[in-house]
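Asker: All chains, full assembly: derive it from the sequences and hints.
Going down the list, the sequences are from chains C and E. For the first sequence, my numbering begins at 1 and goes up steadily by one. For the second sequence, my numbering begins at 1 and goes up steadily by one.
Calculated from the structure, these hints are not laboratory results. Treat the hints with care, as some may be off.
[What the hints assert, rightly or not] Quick list of simulated restraints, FRET-style, between CB atoms: (1) E:Ala187 with C:Met176: 34 to 42 angstroms; (2) E:Thr8 with C:Glu434: 48 to 56 angstroms; (3) C:Asn243 with E:Val18: 52 to 60 angstroms; (4) E:Glu128 with C:Asn243: 53 to 61 angstroms; (5) E:Arg125 with C:Gly76: 40 to 48 angstroms; (6) E:Val213 with C:Thr175: 27 to 35 angstroms; (7) C:Pro196 with E:Gln89: 47 to 55 angstroms; (8) C:Thr175 with E:Ser12: 50 to 58 angstroms; (9) C:Ser256 with E:His242: 20 to 28 angstroms.
[Said to hold, decoys possible] Simulated crosslink set (DSSO-like; lysine-lysine; CA at most 30 angstroms straight-line): (10) C:Lys219 with C:Lys335; (11) E:Lys243 with C:Lys92; (12) E:Lys54 with C:Lys92; (13) C:Lys37 with C:Lys403; (14) E:Lys54 with E:Lys243; (15) E:Lys161 with E:Lys15.
C-beta atoms are modelled at their ideal positions from N, C-alpha and C, and glycine is treated no differently.
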Amino acid sequence: MTTPTTPVNESATEKFSVKTKQTTPAATTSQRRGVRKAVIVGGNRIPFARSGGAYSHCSNQDMLTAALDGLVARFGLADEEIGEVAAGAVLKHSRDFNLTREAVLGSALAATTPAYDLQQACATGMEAVIGLSNKIKLGQIDSAIAGGVDSASDAPIAVSEGLRAILLDLNRAKTMGQKAKIISRIRPKDLSPDAPSTGEPRTGLSMGEHQALTTAQWKISREAQDELALASHKNLAAAYDRNFFDDLVTPFRGLSRDSNLRGDSTLEKLASLKPVFGKSLGDNATMTAGNSTPLTDGASAVLLASDEWAQARDLPILADVLDGEAAAVDFVHGKDGLLMAPAFAVPRLLARNGLTLDDIDYFEIHEAFAGTVLSTLAAWEDEEFGTTRLGLDGAFGSIDRSKLNVNGSSLAAGHPFAATGGRLVATLAKMLHERGQVDGRPARGLISVCAAGGQGVVAILEAR
Amino acid sequence: MTDATVLTEMPSLSKLYVNAAASAAKSRLLRSSPTVALPPRAVEVRGVRADLEKVTEFAHLMGEPARDVVPSGYLHALAFPVAMSVMVQDDFPLPLLGMIHLHNQVEHLAPVLFTDELLIRAWARDLEGHRSGTQVQIVAEIHTVDGTALLWRGVSTYLAKGVYLPGLDKPTAPVARVDFVPPTPTAQWQLGVDTGRAYAAVSGDFNPIHLSVLSAKALGMRRSIAHGMYAASRVLAAVPQHKPESFSWEISFDSPVFLPATVSLEVIDHRTDDGVWLSSEFLAWNARSARKFFSGTVWAA
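Answerer: In structure tokens:
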């Protein structure tokens with residue numbers, strides 16, 4: 001650890017000097033720039049469903065509208081004009097170019113609420129929260145809803161590239177002769193449809209295969225992955241059992257809990273599963289369907305606001321959105337693992353805010369795979385990674401595992417790509433609010449989400 | 001109406017249509033003298049639930065998000081087999097096939113969830129003369145299964161064209177036609193020839209006049225026509241955008257929407273100064289001939 005571990009408050013952060021390459025601590029935190037705070041009022045999501053399950057006939061628009069309407073009902077926002085709504089989906093039909101605006105129009109919000117779609121793979125929800133928070137901080141808007149949705153069940157399937165080219169040419173043809181000539185170009189292979197895949201375009205490897213390489217690189221054991229998966233299920237089930245999600249989740253289509261949740265799972269059951277990724281690694285193959293997230297359908301939404309807006313409506317204020325950071329890694333030729341960008345984003349974000357891992361009370365590290373979380377933690381604990389890759393004097397540090405994903409995470413809840421950010425932000429905001437103060441300062445939480453394309457988006461929230 | 005025939009299960013619409021065709025043939029053969037009174041009994045089915053998959057398809061066809069709350073138009077489709085059972089009773093005085101939908105009025109008193117177990121009751125009332133035949137109203141009610149709360153009530157007015165029953169008064173003179181001047185449309189629907197088949201698939205209403213040119217011609221139509229309830233449901237999908245707990249709507253059908261069609265639509269919203277929705281009026285006409293198709297109102301109640 002290279003930074004002080006004393007409690008940090010807004011003025012105290014001025015005094016810090018952090019020996020990292022980003023040595024201007026807190027130079028850009030919102031308070032110092034004289035901008036106002038962006039607060040989290042609350043969130044709502046529908047239970048997440050394994051693909052092909054309860055939501056298999058639901059569209060992204062159905063689910064996003066349901067998440068929005070649940071949020072509207074929870075906070076009395078019917079006919080309210082919100083500053084802006086931003087959401088997105090990773091698997092998206094081309095007809096859904098205005099998915100978020102259409103969901104707003106179908107929701108109980110005022111039709112005069114502007115909306116836009118955004119997409120940053122699995123970090124979509126996080127980027128929506130950070131981008132809208134920044135607009136609130138700058139005073140451009142007073143309220144916002146950040147969301148995300150994904151359906152692996154109702155995924156878009158396109159015509160083949162060959163057929164697409166032929167159909168477009170056909171549309172441009174003028175005479176019957178031209179048309180007949182173009183139609184004669186169609187071959188049987190053109191008729192097979194083109195379904196989306198989780199493969200990285202530049203490597204041809206699926207996300208699971210990429211992570212299998214990273215998991216092996218950081219020597220993460222099968223047992224450690226299974227233990228993390230089991231903890232995720234146990235923690236999520238316990239949180240449901242003590243009604244923690246009652247004001248975060250609205251039942252939909254007969255589902256009131258995430259359908260992937262297996263509260264009665266055991267290490268023995270998890271150990272019995274065969275590896276599904278990295279099978280070329282032979283005995284070193286450790287990633288199973290139990291310690292990887294399944295394809296999932298679901299949607300989430302988070303209500304953000306300025307203090308004044310929330311107070312004027314007598315709405316709760318759970319947490320501040322303190323700061324956010326994106327990072328990307330050069331994964332294409334294997335310099336870093338595909339999902340390792342948060343390992344770089346978190347040190348930068350903490351340094352900028354004059355914080356260390358010890359100043360964080362809750363860690364929400366998205367469990368794309370158990371191996372992703374454990375590889376990230378291993379990199380942070382690795383001296384060489386700290387010095388050569390992060391530019392620190394030693395290892396970045398380790399975290400108290402009792403602070404990690406304490407109410408479960410994606411391995412148990414499932415991972416509808418763009419909806420995960422909203423789930424994490426609303427869950428953490430509520431946890432921080434319940435925790436209140438720690439050592440005389442507001443409780444702090446860190447969210448880390450990895451994304452396709454070698455990207456990652458991380459953020460710090462602070463209790464109110 | 002308290003006296004009711006209780007059916008043990010939801011009647012099949014396709015069987016009802018076959019029965020209707022058979023009884024039409026029978027009455028032609030026997031030339032039995034028609035009765036001029038309505039059957040005194042209601043028909044009732046208990047323990048009905050909406051089919052979630054059909055509700056989802058219905059909502060998507062109308063262009064609205066599929067919700068756990070069942071669309072008002074779908075409830076009409078859900079109650080329709082019971083309403084039809086009223087009209088295929090042996091002592092029902094009008095032929096079911098070829099009847100024309102004139103008007104609908106619905107009170108949607110409380111949200112109905114797809115999980116709700118329901119009681120559906122329907123009966124006929126107000127058999128009256130009409131300048132071009134005989135009209136009748138079919139009342140359909142949807143209650144909670146224990147019958148303690150009325151959730152939805154629809155009154156459909158149908159016309160049996162060319163059927164004149166002895167002793168029924170007819171209006172003395174046809175209502176004077178007012179020249180219809182189309183306003184500026186706020187929306188336009190392009191309805192393909194498959195519109196009737198698509199609605200039949202989600203609603204179960206396979207009335208031959210909606211399915212194809214041939215089946216429509218067999219019943220005296222020059223082409224197939226869109227279901228009136230398709231039009232009503234499609235308007236209701238977006239009007240109002242946010243449904244209050246209870247609301248009412250009514251729709252009058254002026255002329256059939258022959259398929260394919262381009263329908264021009266005007267919707268006028270009425271709101272309080274605070275932006276709270278009060279009511280909406282809608283009007284639809286043929287974009288090419290400027291002939292009025294249908295009009296109606298949706299209001300918070």
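Asker: Against this structure, judge whether each hint is valid.
Answerer: Evaluation of the provided hints:
no.: 1; hint: E:Ala187 with C:Met176: 34 to 42 angstroms; verdict: 35 angstroms, holds
no.: 2; hint: E:Thr8 with C:Glu434: 48 to 56 angstroms; verdict: 53 angstroms, holds
no.: 3; hint: C:Asn243 with E:Val18: 52 to 60 angstroms; verdict: 53 angstroms, holds
no.: 4; hint: E:Glu128 with C:Asn243: 53 to 61 angstroms; verdict: 58 angstroms, holds
no.: 5; hint: E:Arg125 with C:Gly76: 40 to 48 angstroms; verdict: 42 angstroms, holds
no.: 6; hint: E:Val213 with C:Thr175: 27 to 35 angstroms; verdict: 31 angstroms, holds
no.: 7; hint: C:Pro196 with E:Gln89: 47 to 55 angstroms; verdict: 54 angstroms, holds
no.: 8; hint: C:Thr175 with E:Ser12: 50 to 58 angstroms; verdict: 51 angstroms, holds
no.: 9; hint: C:Ser256 with E:His242: 20 to 28 angstroms; verdict: 24 angstroms, holds
no.: 10; hint: C:Lys219 with C:Lys335; verdict: 16 angstroms, holds
no.: 11; hint: E:Lys243 with C:Lys92; verdict: 28 angstroms, holds
no.: 12; hint: E:Lys54 with C:Lys92; verdict: 23 angstroms, holds
no.: 13; hint: C:Lys37 with C:Lys403; verdict: 26 angstroms, holds
no.: 14; hint: E:Lys54 with E:Lys243; verdict: 21 angstroms, holds
no.: 15; hint: E:Lys161 with E:Lys15; verdict: 23 angstroms, holds
The structure meets every hint from the earlier list without exception.
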